[in-house]
Structures are given as C-alpha cells and as structure tokens.
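*Asks:* Chain by chain, the residues run as shown.
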Amino acid sequence: MSEIILKTEGLTKHYGGVHALEGADFEIRKGEHVAIMGDNGAGKSTFVRQITGVEQRTSGKIWFDGSDVEFAGPLEAREAGIETVFQNLALADALNVPDNLFLGREIFKFKLGPFSILDYKAMREATMASLEKTGVKIPNVNNSISNMSGGQRQCVAIARTATFHSKLTIMDEPTAALGVQETAQVENIIRTLKEAGEPLILISHNMRQVFDLVDRIVVFRRGRIVANLRKEETSGEDVVAYITGAKTAPEYAENA
Amino acid sequence: MPLAIGLSVGLLAGVVNGLLIAKFKIPPFIVTLGMMLFMRGVATFVTKGRPISFLQEDYVAIGAGMNPVFIFLGLAIVMHLLLKYTKYGKHTYAIGSNEQAALMSGINVDRLKVLIYGIAGVLSGLAAIVMSSKALTGQAGMGLMYELDAIAMAVIGGTSLAGGRGSILGTCLGALIFGVIISGFTFMRLDAFYQEMAKGTIIVAAVILDQWRAQKQAARA
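From first to last, the protein sequence lines stand for chains A and B.
Take the first sequence: its letter number 156 is residue 156 in our numbering, and every next letter is one higher.
Convert by adding 1000 to the 1-based position in the second sequence; the result is the number in our numbering.
There could be a bad hint or two in this list.
Capping the alpha-carbon separation at 35 Å, the derived lysine-lysine pairs in DSBU-like fashion look like this [what the hints assert, rightly or not]:
id : chain 1 : residue 1 : chain 2 : residue 2
1  : A       : K30       : A       : K137
2  : A       : K109      : B       : K1199
3  : A       : K133      : B       : K1216
Since the hints were made in silico from the structure, they are not lab data.
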C-alpha cells in the first residue's frame, strides 16, 4: 500500500443545531481514486468544504501530505496542493482559454513584479499540449470563455486541474450539467489523472461513472460515513442499499 | 517640484481610493466620487477659491502647442502595452471578469486594486498638470463633470461597466468619436445647452448599448 495523502479523523461540522457532518474518518492514498456518494444533504459537499478550507470545521483532525493542517481558506489549501473543481467554476469569463489555464501562474518572458511581460506563445503552446493530452476539443482557444458551452467551460476548468500537477484533486459533481459527449471528455481527463498516478476524490451521483472510474466508494448518509467499499467487492445494488439506508456496514453500525 | 507634488497628490488619492475599495468593499463609484468631492474641497481651501496663475516658462511649456497630444499618445501606448502584455494587465482583466475566480487563482486582489487605483490617481494628477499648464491658470472649479465624459468615452470605446472588457485602443476611439461630436456642435454654432443635451444623451445611450451587449453575451452562454 502506498502512502496516505489525506486523512481525516472525527471530522465534524455543525451549522447551529444542524449536524451536517458527524465524526467522519476518511483516508486516501497516493494514486488512489475514491468516489464519495450519498443522497442530497448527506454531507458530501460539507465534507469537501472542510478539507478545502472553504469552511472551518467544528471539530476533528485533518492530515495532508504527512502533516496536520488547518487551512484558513481555499487558497491555502490550493497552495498546499489540493486542487478543487467546484460546482461553480472558477473561470474568468472575459478571458480566453490559455489565460484561464494560466491565471495566477503565468509564464513570463521577463520578470519585473506586477509589470512582468507575459509569454503568450509559450502559454498557448502549453495549453494546446495539455488539451491534447486530456483529449479536450475546443475549436478556438482564443475565444473568450463566455462564448463557450457549459461542457466546454467544465472541460477547461478540469483541464486546468490536470495541467498543473497537484497532490490531490477534488471534483464536486463534474458532469452533473453535461451532455453525453462532454461527460465522456471529462471522464477521459479523470483517466489521465489516474494514469499519472494523481489521487482524486470524486463526488458523483452517477453509478456507472463511479464504477468505471474509481477504486473505492465511500457512502455518506445523514452526515455520517456508512460504508467504505472496494469497487471489486461491491455492486450497484449494494451501494444503493447503503445510500438509502437499507444497509449499514458492520464497522459503522454504531454510527447509524 | 510642482510636478512631483501634483503627481504625488494624485497618487495619494488613488491609493486611498484603492485601500477603501479593497478593504471595506465599498462600491468604487461611491469611493471615487467621494474622493473627487473631497479633493475639490481641499483645492478650494488651498486656493481660497481664487484662480492662481503660474507663468514659469518650463511649466507653461508642458501644455503648449501639440505637447498635450504627444503626452496623450505616449501614455496611451504605454498603458496599452501594460494592459495587454503584462501580468498587471492580465490580472486586472481577471478581477473585472470574475473576482472570485481571480482570488481562487492566487491573485492578490487587494494589492492589485491599490496599484490600479494608484496608477489612475497618478494619471489624473498628470491630467491636472497638463490642463492647468495649457490654461495658464489653476482653479478649484476646473474639470467639472469630466468624470461623466470619461465614462462616456470609455463605454463608447467598448469598455464594459460590468468589468472584464475594454481596451486602450477602443477608449481612444471612443474619445475621438465623443470629441468629434462635441466639436461638431461648436462648428455648427449651436448653443451650449444643445451640447449638454447631446452629451447626456450619448452617455445614457452608451450605457444602454453596454447593457445590451452584456445581455447578448449572457444569452449566448
């Protein structure tokens, strides 16, 4: 077994009286792809918001890359190496594809503080290379993002994640609003991440997609983790039973 | 020396604007309008409401003949290059386009805003120097309502009020169009109030056009 990249222990989040997340113990190893499943309101997004620093946890511990972490905000998490594709994509609409891909980490010809000269050619070439690598087809990368379809935007957001090697990638329902072809493209990008050995936490409602892509499935129900299943040892019916509450894994029985 | 003071006052006003906008999240329109009013008050206080004239040769030379045009062209080229080819420019567009995304991409949004408004302040200081040099006098009431003219020129030139779009080239063209229309009124010897009516109409029409562009953009996405 390879090294653990992220681990949580007793991770808990209360919004006033609402217990959105209760004592979540979770771990993911280098190179592993894990899906988080569960009904709406089961605590999936809450869980992600705690580990990416978007919200501050009520209690519990998070280890990332070997050390105890407490991210004050999403930017800190990102600098530490956690790359997140949020449901509301963080793209600048008026800029084109290379500009967005390299936003905040531009390539320069000449460095001079804020007045550093941009190297458009290098960024464009790197963009083409990474789009090719991830299999994303965008007719004209010089078009601004606002002129693109939802699927193309999503692909750009995800290609950005795949271009800059991060220690952990998190995707929150990356294909929820996409058509068949666009979904296939996003899934291809996820496969390239797998080949590159980069760990991924994927939140998804799509059973087929989960069984196609990941190694392990963690099921959330009413704020608690109720199952941790290796893909080979489970089935779609099984997972549904855990999601709906018809079944609870014995090791989590006292939670449910 | 007077040049340095003029530019520094502009810089100071700009930096204060930037800090207020970045730290207190006050709408930029309010902050900059407030600063304008405040500074006009300061100017009236310092000059005791009377015009001052300065006839040193070198100061007058700044605004003499074609010099303002050369200063304008030089600055337009510099700002065009800054906006288009530097990190400063790219990040400025990014903030205008989606501030949240800029923040998530690791851009220090607050620091950049202070820089942007600081540069704007220095430029307005320079504009004041050129103007007073050309007019051979300085008084607190100069440049009244220029802010609306400036907005109109920028919007005619394609700058989006919602942010993220616009260029120096477009703004120069906008300024030319606006200038030609206004001087047209003078050439036709129409009364000044027609000119004001036209200006008002152009400003509102330009903003309507901008809204319409934004809606078309949103419909396509």
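*Asks:* K30 (chain A) and K137 (chain A): Cα distance at most 35 Å?
*Replies:* The given pair, whose Cα atoms are some 29 Å apart, holds under the 35 Å limit.
*Asks:* Is the hinted pair K133 (chain A) and K1216 (chain B) satisfied, with a Cα-Cα distance of at most 35 Å?
*Replies:* Status holds; Cα separation ~34 Å.
*Asks:* Would you mind confirming whether the straight-line C-alpha gap from K109 (chain A) to K1199 (chain B) stays at or under 35 Å?
*Replies:* Violated: K109 (chain A) and K1199 (chain B) sit about 44 Å apart, past 35 Å.
In terms of the numbered hints stated before, the structure departs from hint 2 and from no other.
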